[in-house]
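So the protein sequences, as listed, match chains A, B, C and D.
First residue of the first sequence: 1, per our numbering; consecutive thereafter.
First residue of the second sequence: 464, per our numbering; consecutive thereafter.
First residue of the third sequence: 927, per our numbering; consecutive thereafter.
First residue of the fourth sequence: 1419, per our numbering; consecutive thereafter.
Possibly wrong hints are sitting among the right ones.
[To be verified] In silico DSS-like cross-links for lysine-lysine, where the CA-CA straight-line distance does not exceed 27 Å:
no., chain 1, residue 1, chain 2, residue 2
1, C, LYS1310, C, LYS1232
2, D, LYS1724, B, LYS783
3, D, LYS1704, D, LYS1724
4, C, LYS1176, C, LYS1212
5, C, LYS1232, A, LYS320
6, D, LYS1724, D, LYS1802
7, D, LYS1704, D, LYS1668
8, D, LYS1880, C, LYS1388
9, C, LYS1212, C, LYS1232
Note that these hints are calculated values from the structure, not bench results.
Since the model is a prediction, treat every value here as computed from it, not as a measurement.
Residues per chain, in single letters:
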Amino acid sequence: MPFIPHTKADVASMLAVVGAADIDELFDEIPANLLARDSGDGDAAGLTEMETLRRMVERARADETGPCFLGAGAYDHHIPSAVWDIASRGEFMTAYTPYQAEASQGTLQLVYEFQTMMSELTGMDVCNASVYDGGSGLAEAILMAVRAGERRAPGGRAGGRRRASRSRRVFLAGAVNPLYVAAARNIVGQQGIEISQLPHGDNGLADPGLLKDLAEPPAAVVVQQPNFFGLLEDVDPVTDQAHECGALTIACVNPLTLGLLKAPADWGDDGADIACGDGQPLGIPMASGGPSFGFICTRQSLVRQLPGRIVGRTRDLDGKPGFTLTLQAREQHIRRAKATSNICTNQGLLVTAATIYLSLLGPEGLRNVASACHARTRDLVAALDLPRRFDSPYFHECVLRLDRPAQPVVEALAAQGILGGLALGPYFSDLADCLLVCATEKRTAREIRQFADTLRDAVRKAA
Amino acid sequence: MPFIPHTKADVASMLAVVGAADIDELFDEIPANLLARDSGDGDAAGLTEMETLRRMVERARADETGPCFLGAGAYDHHIPSAVWDIASRGEFMTAYTPYQAEASQGTLQLVYEFQTMMSELTGMDVCNASVYDGGSGLAEAILMAVRAGERRAPGGRAGGRRRASRSRRVFLAGAVNPLYVAAARNIVGQQGIEISQLPHGDNGLADPGLLKDLAEPPAAVVVQQPNFFGLLEDVDPVTDQAHECGALTIACVNPLTLGLLKAPADWGDDGADIACGDGQPLGIPMASGGPSFGFICTRQSLVRQLPGRIVGRTRDLDGKPGFTLTLQAREQHIRRAKATSNICTNQGLLVTAATIYLSLLGPEGLRNVASACHARTRDLVAALDLPRRFDSPYFHECVLRLDRPAQPVVEALAAQGILGGLALGPYFSDLADCLLVCATEKRTAREIRQFADTLRDAVRKAA
Amino acid sequence: MMETIFDLARAERRASAQVPAPESIDNLPESALRAEPPGLPEVSELQAVRHYTRLSGNNYSIDTQFYPLGSCTMKYNPRGAHRAASAPGFLDRHPLAPESVSQGFLACLYELQQILERVTGMRTVSLTPMAGAQGEFAGVAMIRSYHVARGDTGRNQVLVPSTAHGTNPATASMCGCVVREVAVGSDGDVDIEALRAAVGPETAGLMTTNPSTCGLFERRIEEVAAIVHEAGGLLYYDGANLNAVLGKVKPADMGFDVLHLNLHKTFATPHGGGGPGAGPVGAGEKLAPYLPGPIVEKTADGYRWKEPPETIGRLSAFMGNAGILLRALAYALMLGPEGMRRVGEFATLNANYLATRLQHAGFDIAYPDRRACHEFIVTLARQKRECGVTAMDFAKRLLDYGVHAPTTYFPLLVPECFLIEPTETESKETIDAFVEAMISVLAEAASNPELVRSAPHTLPSKRLDDVEAARRLDLRWRAAPASFGDHSSTSG
Amino acid sequence: MMETIFDLARAERRASAQVPAPESIDNLPESALRAEPPGLPEVSELQAVRHYTRLSGNNYSIDTQFYPLGSCTMKYNPRGAHRAASAPGFLDRHPLAPESVSQGFLACLYELQQILERVTGMRTVSLTPMAGAQGEFAGVAMIRSYHVARGDTGRNQVLVPSTAHGTNPATASMCGCVVREVAVGSDGDVDIEALRAAVGPETAGLMTTNPSTCGLFERRIEEVAAIVHEAGGLLYYDGANLNAVLGKVKPADMGFDVLHLNLHKTFATPHGGGGPGAGPVGAGEKLAPYLPGPIVEKTADGYRWKEPPETIGRLSAFMGNAGILLRALAYALMLGPEGMRRVGEFATLNANYLATRLQHAGFDIAYPDRRACHEFIVTLARQKRECGVTAMDFAKRLLDYGVHAPTTYFPLLVPECFLIEPTETESKETIDAFVEAMISVLAEAASNPELVRSAPHTLPSKRLDDVEAARRLDLRWRAAPASFGDHSSTSG
Ligand SMILES: Cc1ncc(COP(=O)(O)O)c(C=O)c1O
Ligand SMILES: Cc1ncc(COP(=O)(O)O)c(C=O)c1O
C-alpha cells in the first residue's frame, strides 16, 4: 500500500472506534450494484519508484533532441539553478492556495512581490496571481474587456476617457499567436463573443488604418508585441486608434522582452488597458507547454473585472503589515454564478519560479537576456541565409521563406535532432513555404552553424 | 563581480568608515613584492552560470554510458527521490559543523539518528558521525586497534576479555578491497604500522587456520564481508581465531548487505570489535567515487579511541532533551597533537542522505534490496555463462574467468557503452583473466541480456 | 512580515552570474524600446536565495504540517513523481516538437488516458484542461454542443445542488448558461422532489460531485441520473471528491455522462501554493466526440495527436499542464489497481475514525447518521452560541497547534462549519494529535474565549485584517509606502 | 527536541514504493545471515519526508542566516555549481570507468588542476585529498618522503605556531612526527627569535597559515621561509585562510613548498553540516614528485590518469571527493581571474569595515594596530571581568538575533575571543545588522547579564549541557530511554 501508513493494528483499533467490522462496512451506504462493478483490473500491485522512474525516464530519453530553434510561444531560455532549487522546496510546492493567510505568508508575500514585478514590467497598476496560460489568459482578458464595456454607461468614456463600446466583438490587429487565438475563441465563443481578425499588412504588421473604418466599435482590440511573426509592431498608433473608436486595447506581450521593450502602459497616448501573456520565458521549463502561467495586468479602474486571485497588503492585530487574498468578492467561491471567472486553482508554483527568476535577473539581467536573444536570432538569420518573408524589424523570432513547403523540411531536421522552427502552413495557408525560427540566449555559434549546415544538406538532398 | 553584493556607494562609505582611500590600502601590510607578482591572468571576467553549465554539462554528457556492471566498492543502486530533495535543502547543505548546538539541532538530531541506525545495522554500541571513505576509514580503524592495544595492559584481555597484543602489525584475512588496503597502508605506514596479507584459500575465502601459526600476535585482523571477490566469508571462525590470538577483529562491511547478513557484533563468540566500511550504497550516487562517507562502529569500551565527531543526547537548561557534539576531548581542536585523528571536516551531507535513505527503506526495504541485488547477480552469472573462479557462495559480485586477459575485453565493452566489470589483473597478477562483475537491484533482464550478447560478440570478434 | 525583496535591493547590485553581456540592439526601432528600466529588485544571488528560502518557512505545507483541508485532498505528493516529470527529455521538450521526436511523451499521455478511462469507466479521456474549473468548462461546453448538434437549442439551464462548489455555477455562467440551484435535503442528499421540479426542456444538465461537498455519498444517484436523463439533460461529475471512492466506484456506473478529475487532488500532484493542477475530462459514448483536443491515439506507426471529430476545440495554447500529467501518471503507476482501491478505503477509514473521535469528544457532526466518505463536516454553531467563538476563530487557533485548519464556511449550507479531510496518507498518530488539538481548543473556547478569538499567536503574523485589505487596496510594493509607515522597521 | 524518526515508527509500516519485492536467498549459507532484522525505523514516505524537512528547520545555515564563523569562510554556495556537479553523466559515473569513457570528467579535473596551480603558483596540484586535514597529511607525508629520499632521515619535527589550527599538530602526529610549537609575538606575527631557536637538523618543516588564524598577514613570511629553508626544513601552507588573498598573493611567492586548499571554504562548496570538503595539495618543484595520486595529464590521445613518480600513494579508495571538485571548478569558472581577485579584496573590505565598526561600538579588537585580513578577533575578556558574561554566553545570545555566532575560543592565544569572518558575499546591510546585534548584546550584558548567560531563548533548545552529554553518554536512541523519562511527551 504505497503512501498509506496504516499497520494492521492501526486498522483494527480504528475500526473498533468507528464500530465497524471491516473497511467494507464503511461503504455500506453505496448501492451494492455500484460497488460490485469493480474495476476488473484485479489486484495488480503498483510499481516501485525505481520501476516507475525506469519506465518514464527511458521514454523521456527517447525524446531528447539537439538544439531548439522553435519558439512560437514556448522558449528555451537558461533558468538559473537557484530558481527551481527554491521553488521546489516542500513549503512552496506542497502548500494549498493561501486560504489561511497567517499560515501562508510565504506564498502571499511572494505573490505580492510578483504582482509588483509584473506591474513594473508592464507599467500597469495591478496584476493578478496568474491564470492558466497565455491562451486562456487572452480569453480572460477579452472577457474582462467585454464586461468592462457592458458596465460603462453607453456613450461614456473608456477608463473615464472616451466613448465606450458595449460590443461583444473584439478585433485582432495583426498577427496574434494563432494558438492563443484558438483557445480564446473556444472559450469566449461560449458567451457569444466574436473574435475577428484584421489582416496584417505586407510588412507583417498591424494596420491601424483598418480600425478607422469599422462599422461598429469593438469591445477591444488585441495587439501582440512582438507579434507572432517575431516582428515589432508599431504599437502606439494601434493603441491610439483602438481608443479612438471606443475599444480597450489588450496588449499581448512576452514578459521577457519587456526588459527592453516599451511597457504596455506607455503605448500610445493613454497606454494599453489590459496586458496579458504567458510567463513561460521567466524561468519556466518548456515542459511540453505546461505548466507555465498566464498573467493579466490592468489599470486600477478595471481591478474589479480582473479574474483570478489577488494578494493585498494589510495589517494584523498588532498593526504589523502582512498579506492576504483580497477582492475575493470577484471570485467563484463567493460570487458563484456572477464571478468574474470560474478559475480556482491557478498556476501558483510557476509564479513562484518567475518571481525568483526576476529577482535574480534584475533590470539589467532581463535587458541583457533580451538583447542576447535578439543578437542570436540575428546571427541565425544571417547564417541560414534565406529570404525573410517580412522586412519589418524582428525581435527574437523571424519568418524565413524556403523554396518549398516547410513542413517536410521541419521533419527532416527533426530526424537530424534539430528543432528547426515552426512550419507556418497549418496556421496561415499563404505561408506554407515559411518557417518561423527563433534563437534564445542559449543558442551557441556552433549550434547555429550546425542548423545552417543541416538545413543546407536537407534542402540539397530533397532537391 | 559574481556573488559580491557591493555597490559603488557601499564601497565608498565602507572605506570612509575604515579610513582607507581605496581597497588596495587594506593590503598595505603585505610586502609589495608579493603583491606585485600578480596572477598575470589579466582581468578576464568569469563565465555566467549558463556558460559554465554549458561547458560542464557537455562534458558530463560525453561520459554517459549504458548499464553498469561494475562494483568493487561503488554500486549503482536506486536512490529514492526524496533522499536528495531533502538532503540538498539549504538548511542541511549550507550549514557548517554543528559547533553551536542550539542552532544546529537539525544536523545533530539527524546524526544521532544515523548513529542509531548504523549501530542497529552492525549490532555495535556506537558509531561516529563519519570519516572520509571506506579506504581512509579502514586506516582509521586500524589506527584505533593499534592504539587500543597499546593502551591495554600487556597480557590483559582485549575488550576486557583476553590477552591483548601491543603489536604494530595487522593482518588481512582473505580478500579485502585492494583499493581500501592501499589507502590504509599509505596512511598507517606513516606511523610504522604494517599491514600484512594472509593468502586466501582456493575457494577465495580467508583461512582462519593461518591465524593460528602467527609468530607474533597482530593488533588486529581485518576481514571483509562480502569479501572483495563478492564471496561470503565464514566470519565466525575468523573472528574467534583473531580473538584467540589477542587481536581485535575489524569487520569491513557493505552496510546495504547488512539488511540480510549477520551483524558484525554477532560474528563468532564475541563479535567483531570494530566495523568499518563505506556508506555509498546507502543513497549516495557513485559520483566518480566521492563524496561518499566512511563509517566506524565499535564497542562502548573503545569509544574513546573512535576518531571523528560523535553526537550525544543531553538536556537543556529546562531539562528538555537535545543534542550536542560530545567526547570532543578525543578531537584535534581540543587534543591537538594527541588527538585520535586529525579529521575535522567529515562527510556530513552524505550521512544526511544515508539517514533519509535508511528511513525510507526500513528493515524490509533494505533486506529486499539486498536480496534483489543477489538475485540479479545470479541472473547475470547465469546469462554470461562463464566459469566462476571461486566456487564459494557469492552475494552481489562474482569473479568470472575469461579465456584471455580481461582488460581488453573491458575496454571493448566500454566502447559498446557497457561497464562490464573490473579486470582483476592490475590487483591480483594471478587473476589477469578474471572479471569481477556486479549487478544491483537496478539491472534489468534486458540489460543483462545486452551485456551477455555484447560480451559474446566481443569475444567472438577478438577470436 | 519579512522585508520584501525590494527592501533588500540597492541600485547597481547584481547577481552577476545570471547577467549575460549586453548585445547591440541598434537595429531595433527606438519607438519600440522602453525609456526607463523596469523597477525590478537589484539584489545579489545570496540575497535572493536567502530571502525566498526564508520566505518559504512562513508557509504551512503538506511536507511540514498535517493539512486536513476539506475538498482539497492534501495527501502526500510523492517526490518520485516529481523526479519522473523532471527528466530532461520531458522538461526540455518543446510543445510543438514533431510527433516523430515525441514518442516517449506521447506514450506517457496515452498510458494515463487509459488509466483514467479505466478508473472512471468513461470511454475517452482528454487530458488537456489545466485545472478542475477548466475541466468543468469543457464538460459544460460539450453538453451544450451535444444538444445544439441535435437541434435541441433551447437547453441552457445547468442545475447544481445548493451545496455545489463555486466553480460549478461560475462555469455554467462562463459557458453562457443559466444556473439553477437544487435544494439538498436534511439528510444531505439531493431533494428528489426539488430535482423533479427543476428539470425540464431547458435543462442542459446537472453538475454534481459524489460524494458530495458534505462528504456524503449521494445514495440515490441512480435515481438522480434517471430523472435528469429522462428530462433530456446530461450528467456532469465534478471529480474533486473522487478520492473517497477511487478504485471502488466508477462515475460512469453511477450514470454520469462526462466528468473531470482533479489530478492535483486525487492523483497527488503538488498544489504549489495555488496551482498548477490538471483537470482531465472523460466522456461516455454520447459526449466523447465533443472532447477538447488534442488526444493521443495509438496507431501502427506509433503515437499520434488527434482532435475528436466534433471537438469543442482547444482551451489552452498547447496541450495542457503536461508536467502535472506526468506526475499523475507516475503516481498511478506506483499505486497500481490495488493501490488505487486502497486510496479510497483508507481515506474513508481515516475520515470515519476522525469523525467518530471528534463526536466522542463533544463536537457536533453535521450528518451524524451518515457515513463519512473521505471528509465530513463539523459544525461549531453551538460553540459560537455558547462561547462566542466562531469557526474562523477556531481555525486560527488550530494553526497555533501546528496543524493547518480544515476548510471553513464551505459548504455554505451548514453554519460555522469545518470540512475536514484527513486523506489516506496520514497516520493514526497524526489524526490522534489533531483530535487532541481540537479538544484543547474546545476547552480554551470555554475557559478563555479571548485567546481563541485573538489567535493565531505563534505565527509570523497575528490575525490579518481582510476588511482593511479590501478597503485600502495595496496590491504592489512602492518605494515610499504611504499607508504603513517605515517599511524598514517592520522586518522580522 | 523534535520526536526522533524512531518515535514515529510502528511495526509493519512501510514506504512501500521504496520496497522491492523480496527475492529468494535460498542458496546463501544460513550462517552468514542475520537472525533478526536491524532495528531501522518503519515509517511511511510522508513521515520520513516531513520529519527530515522539519528537522532541517532546526539548523542555521548560509541560505537562511548570516554565518560569520571565523576560519570557515561561510560564503554563498552557488546553486549553479551544485547543478553542474549534479549532471547525470557526473553523478552516475563509476569511479573505475575506463578512461575512454571518462574524458569529460577528466577534462574538468585537468582544468581545475590548472586553475589551482595558477592561483597558488605551485607547479603541480593533486586534487585527491578529501578535506583540509587530509591535504595536510599528504603534505607532511611528502615532506617526510623528500627528506628520507635524500638520506636525511633524522628530520621528524614539525614546527607549528602556537596559534595553529588543531589539525596541524594532529596531522604531524598522524604522520609519526613530533610537534614543536613556536611562539607568536604580541603583534600577532611569529616570534622570529623563537623560530630561530626552534629550527635545527631535526626540523622536517613548518606548517602555517597566512593570513594566520589571528586574521593577520604574517609580514615577515619571507624571513620565516628563509630560516626554515636554511635549516633544511620545508614550508607547508595551510590554505584554510586563502580567501583573504585569493588572486592577490600566491603562496609559492611567499616561499611555501607545499600547500592544501580548502575548497569548501575558499571555493564555496557547501559544507553540508560537517562535510564533505576537498583539500587539494599543490607542490613546488621539490615536492611535486611525491604528490598523492592520481593526477590527470593531458596527452595527444586525450586525458589520462597518472601517478607522480615518487608518490606517497593514494589516500582514499578512489580519487577523492570528485563531486566537490566539480563544484569548485564551476565556481572558479564563474569567478574568472578578475572575480578571484575581487574575492580577496571584498572579503578584506568587509572584515576591516566590520572590525572598525565594532571597535567604534566599544569592542576590544585583539590586534587593533593591524589590518584585518578576511577575519579578525574580538576579545570579550573585559566584558567577562565586568559583567560576568563569557564569549560563550555572548555567542549564544547572538543566536537569538538570528545570526550564527562567530568562532569562539579559537585561537586559544586570545582570551574570550570571537574570530569573525564575514566573507565577501555578505552585504553592507547584513554587516550593519550584525553590528547592531552585537551592540544590543553588549548593552544586555551590562544591564541584564542573566539574560545573556541563559541564552539562547528563541531556539528549539535552550542552552545544552555539554558536561552532562559527556558524563552520561547517550549516543543512540533506545526504545525505552532510561535517562530522560518518557520520550513521547518531549516532542516539539
Ligand atoms: C468540489 C470542487 N469542485 C471543483 C473544484 C475546482 O477545481 P480546480 O481548483 O482544480 O479548478 C474544487 C477545488 O477546490 C472543488 O473542491
Ligand atoms: C586554519 C585551518 N586549517 C585546517 C583546517 C582543516 O580543514 P578541514 O576541516 O577541511 O579538514 C581548518 C578547518 O577548519 C582550518 O580552519
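We went through each hint and held it up to the structure:
no. : hint                     : result
1   : C:LYS1310 with C:LYS1232 : 56 Å, violated
2   : D:LYS1724 with B:LYS783  : 55 Å, violated
3   : D:LYS1704 with D:LYS1724 : 18 Å, holds
4   : C:LYS1176 with C:LYS1212 : 17 Å, holds
5   : C:LYS1232 with A:LYS320  : 55 Å, violated
6   : D:LYS1724 with D:LYS1802 : 56 Å, violated
7   : D:LYS1704 with D:LYS1668 : 17 Å, holds
8   : D:LYS1880 with C:LYS1388 : 25 Å, holds
9   : C:LYS1212 with C:LYS1232 : 18 Å, holds
Going through the hint list in order, the structure does not satisfy hints 1, 2, 5, 6.
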